[in-house]
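Keeping the supplied structure of chain U fixed, place chain P upon it in accordance with the hints.
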Amino acid sequence: MTMSEGDLAVMELRFVRAAMLESQPPPAGMRGAVGWLRENLLSTPFNITLTILIGLLFAWIVPDLIRFLLIDAVWSGADRDACRELVQNRTVGACWPFVFERWPYFVYGSYPLSERWRVDVFFVMLAIGVVWMLWLHAPRRGLGAIYFFAVVPITAFILLTGWRAIGLEPVDTVLWGGILVTIVVAWVGIVVSLPLGILLALGRRSPMPAVRLFSITFIEFVRGVPLVTVLFMASVMLPLFVPEQYSPDKLLRALVGIALFASAYMAEVVRAGLQAIPKGQFEGAMAVGLGYSQMMRLIILPQALKITIPNIVNTYIGLFKDTTLVFIVGIFDFLHTVEVSRIDPKWASPVTSTTGYAVAAIFYLIFCYAMSRYARATEARLGLSDRR
Amino acid sequence: MSTDLPAGLPPVRVAFYNDPKVRSIAYQVALCVAVGFLIYEAASNAITNLERAHIASGFGFWHNTAGFDISQTLIEYSAQASTYGRAFWVGLLNTLLVAGLGVVFATILGFIIGIARLSKNWLVSKAATGYVETIRNIPLLLQLLFWYNAVLKTLPEMRDSYKIPGGIVLNNRGLFLPNPILGPGFYWVVIAFVAGIAASIVFYIWARKRQEQTGQQAPVFTTAFGLIIGLSILVLIAAGFPLSFGFPQAGRFNISGGMEVLPEFAALLFGLSIYTAAFIAEVVRAGILAVSRGQTEAAYSLGMRPQPTLRLIVVPQAMRVIIPPLTSQYLNLTKNSSLAVAIGYPDLVQVFTGTVLNQTGQAVEVVAITMAVYLTISLATSLLMNIYNSRIALVER
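Chains U and P are the protein sequences, given in the same order.
Read in numbering that gives the first Met the number 0, the first sequence has 44 at position 45, and its numbers run on one by one without any break.
Read in numbering that gives the first Met the number 0, the second sequence has 264 at position 265, and its numbers run on one by one without any break.
One-sided excerpt, in silico: chain P residues whose CB lies under 10 Å from chain U:
(1) E40
(2) E132
(3) I376
Straight-line Cα separation of at most 30 Å, BS3-like style, residue types lysine-lysine; simulated pairs:
(4) U:K320 <-> P:K125
(5) U:K278 <-> P:K20
(6) U:K345 <-> P:K152
(7) U:K320 <-> P:K152
Rather than coming from a laboratory, the hints here were simulated on the basis of the structure.
All C-beta atoms, glycine included, are put in the ideal place defined by N, C-alpha and C.
Next up, chain U with everything else stripped away, as it sits in the complex (with noise of 0.2 Å):
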């Protein structure tokens, strides 16, 4: 094969590629359900290892969960012979029946019975409250503020206990009990520690020393010690300090200890978000004449209470778990009402303590995880204005 001139200069010069290639497919072990598994479970021995450790783990809990949750599960009984064993001759998982007819106890606890749709009225205009202030295209949104913040909280406490006048029987706060208190305390401790928590924070980064020393010694004071000393304090030392005629009944103890409890820690979360605000912010304010509320209230809050979302969010997951402290100081929220149950010798059995505490665990886990995800998805919403 001969060579024409120009050809042969052009090797000379070098090897130059007129147009792009086609791109190659990966090789086949890279991609697909193959090229996954080899580059996210099997990349080095000891990934191997670790994915084996890890799947025999999966396949030692969760075939045991699922029997014991569903497959060996009672789901019908009278009493605590339909899930033993030695009763009924087979392994014996969760005992449902014991849950459907505790239920009613775990929602409402000793709150007479025909009484209780004052407490559904209460859950349900404390659900629309909610979804209104969650929803953002939800109209009258400020309308809203006002139904959760005031309408609710007034209107809840006159159904609750009870007002003679308007025909309805007062009901002692010692009856109330179950998921009615559980909500009842972290709502007490949500609506009062937003409020009182910018108070202390404001407070904490206040010129005025007497007003700054103040809100340090109490904020320093309660992230200190324990919420279960707090609690103490407020059932025993609590009665000591107002006349015996006003004497706090035991739950309004609990909602004073929680409320403050929760107030400080709001105080911290509020504080970080303040911080975060430039001081530019604060001079703008100042150098267009507004006073120290104006300045607050319209510039310097709004921006820091929206960065600071999804940290009182998590703040209230935390109160929300609180709440179970409560049973210390002998109030029955919902876990002590699951408590006092799973002894209750009409269902004693081997699989009712286990079968109680996993019902408790999914309603905090279904609660709690929620907030989580609203947190983080507001997390995200606000990234994105902030990005633009």
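Positioned in the frame of chain U, the structure of chain P alone reads:
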């Protein structure tokens, strides 16, 4: 009041109630009066209430005989001879014991899970995420009750105890471990151990100096390991093995010998470690993610291998971010150990705010002492943290 304005303009008159200084003082006086009034009211009510209930006040009860038993005592204590003050120290030591061990276990577990969440292995990272999300979202109290009532209390009874190889016995009365019995020559081993640590420190300083001067590295970790562990074992053998174990002997109703771990203690330690580990895992993950990728890439481009890169570049920078929140998790663990009261482990709160408060009725003093203890621990830790932070803070140009 007038302000200094350029000459020629009339001085601006501000009503005294609009003067920021006057207002600030007025606010502060109002706050002080309000707080003072509240304290005064509370104190005077407390005095009347206490008098009516015939409850003594003051700290005199500290020296009274306690008269109740405590199930776990690290120091000598007896119901008949010991005072409330002694009971306080027993409770405090029990709190510190469970908190100290909890911190160790939670740190180990938390670091493993935090790193696992960042693993490239899909299964590993998902499993770690599942762990964190589940454990963090279930109240600690519920977890403690579960471990105690649903796991440890359903273990077999004394005569059907599980016997684990190594002389360990497990039943619903607790975990029984062999306890070491030290022979007369054991102090030589202790001396060897301390000497090993001292020699390792000297070697570390020497190796560091040499590396700074010549760039040569020395195997510090291996040498230290050999010096501390190896030397101790050698001396142990040379001294004729002055160490034996007392094994728990299972009887029909009781167990003699060995070391007893109360189920309450085990449940509390287990629950606290598992719960706090989930939070520590998040702290560790955030800390490692905070070291920018450029740092790793720069180290690689200088020719460093992955292992030294991690040890010398990533970890020191991540620690700066990890340590402050890690300490606050340790504090949380210590404070959460007060949940012991729910499962009956005799910690400070259970012994003092529980039993002593019930016996004496002196709520104000007892709660104040308990709170003061936790407050001291918290404030001391924050003080140390502030010192540490100012030492390791980034020096900005």
